[in-house]
Amino acid sequence: MKLIMATTNKDKVREIREMLTGFDIDIVSLAEAGINAKIDENGTTFEENAAIKAETIRDLTNQMVIADDSGLMVDAMDGGPGVYSARFMGEDTGYDVKCGAILKNLEGLEDEKRGARFVCAMALAYPKETGKETKVFKGIFEGRIAYEPKGENGFGYDPIFFVPEKNQTSAEISPEEKNEMSHRGKALRLAVEELKTLM
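Remember, our numbering sits 818 above the position in the sequence shown when you count from 1.
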């Protein structure tokens, strides 16, 4: 089964390929499919943005497409940066700077006020001739904001996302453990159950 992954984020493609090891699914990134499309992510929720991405690429290719929209929601920042996680402080701003800004925002706050979660919505858009509606699956990864960045395994906000049950940040946990616990892992497992019904 061929599945186009509607992202230009190489880390996301790698992570999803790792999670789908053992399944007869050929994941093709936008770059590998030769697609250079500007997608207007104008949704107000992760679910809306994931569906917009998946359906835009589906309409261009008439292939089955999977897309995710994910981000970090910080309680002390009223749920921000949320759907603007990638665009927080500008899309070209490095995550070391973004993470630093969040840590500064939470300076002086104790553990119980540093609650945060990663949220992932994963949309599966079917070729139009199937007549099937786009399905969206959601995963949540609860934790809190650390006091300083730690770890080399992750990407994005992983170095400042502390996972209490592991006593480590998401960037210190092994990729295998992270895939078991993460928002993207949870959403993808739900999507895979759907994909299995098509195989």
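Derived from the structure by calculation, the hints contain no laboratory data. Treat the numbers as computed from the prediction; the structure is a model and nothing was measured. We put the beta carbon where it would ideally sit given N, CA and C, even for glycine. Keep in mind that the hints are not guaranteed to be accurate.
Calculated pairs, DMTMM-like style, for lysine to aspartate or glutamate (alpha carbon to alpha carbon, straight line, at most 25 Å) [said to hold, decoys possible]:
#: 1; residue 1: K856; residue 2: D893
#: 2; residue 1: K1004; residue 2: E866
#: 3; residue 1: K828; residue 2: E998
#: 4; residue 1: K968; residue 2: E836
#: 5; residue 1: K956; residue 2: D844
#: 6; residue 1: K1014; residue 2: E909
#: 7; residue 1: K984; residue 2: E928
#: 8; residue 1: K820; residue 2: E951
#: 9; residue 1: K830; residue 2: D914
#: 10; residue 1: K1014; residue 2: D910
#: 11; residue 1: K953; residue 2: D842
#: 12; residue 1: K828; residue 2: D910
#: 13; residue 1: K931; residue 2: E951
#: 14; residue 1: K968; residue 2: E998
#: 15; residue 1: K984; residue 2: D893
#: 16; residue 1: K931; residue 2: D844
#: 17; residue 1: K820; residue 2: D877
#: 18; residue 1: K922; residue 2: E951
#: 19; residue 1: K968; residue 2: E850
Label-pair ranges, simulated between beta-carbon atoms [claimed, not checked]:
#: 20; residue 1: P993; residue 2: T911; range: 42 to 52 Å
#: 21; residue 1: A849; residue 2: M819; range: 11 to 21 Å
#: 22; residue 1: K984; residue 2: G861; range: 30 to 40 Å
Now for the hints, and whether the structure bears them out:
1. K856 - D893: Since the Cα atoms of K856 and D893 sit roughly 31 Å apart, the hinted pair is violated (cutoff 25 Å).
2. K1004 - E866: holds (18 Å)
3. K828 - E998: Roughly 20 Å separates the two Cα atoms, so the pair holds.
4. K968 - E836: holds (23 Å)
5. K956 - D844: The given pair, whose Cα atoms are some 22 Å apart, holds under the 25 Å limit.
6. K1014 - E909: Outside the cut-off at roughly 35 Å; violated.
7. K984 - E928: holds (19 Å)
8. K820 - E951: holds (18 Å)
9. K830 - D914: It holds: about 18 Å lies between the C-alpha atoms, which stays within 25 Å.
10. K1014 - D910: violated (37 Å)
11. K953 - D842: Distance of about 20 Å is within 25 Å: holds.
12. K828 - D910: holds (16 Å)
13. K931 - E951: Violated, at roughly 40 Å.
14. K968 - E998: holds (20 Å)
15. K984 - D893: Status holds; Cα separation ~21 Å.
16. K931 - D844: violated (43 Å)
17. K820 - D877: OK: K820 and D877 at ~16 Å, within 25 Å.
18. K922 - E951: At roughly 43 Å apart (the allowed maximum being 25 Å), E951 and K922 break the hint.
19. K968 - E850: Given pair K968, E850 is violated - Cα atoms ~32 Å apart, limit 25 Å.
20. P993 - T911: 42 to 52 Å: violated (25 Å)
21. A849 - M819: 11 to 21 Å: holds (20 Å)
22. K984 - G861: 30 to 40 Å: holds (32 Å)
Comparing the model with each numbered hint stated earlier shows that hints 1, 6, 10, 13, 16, 18, 19, 20 do not hold.
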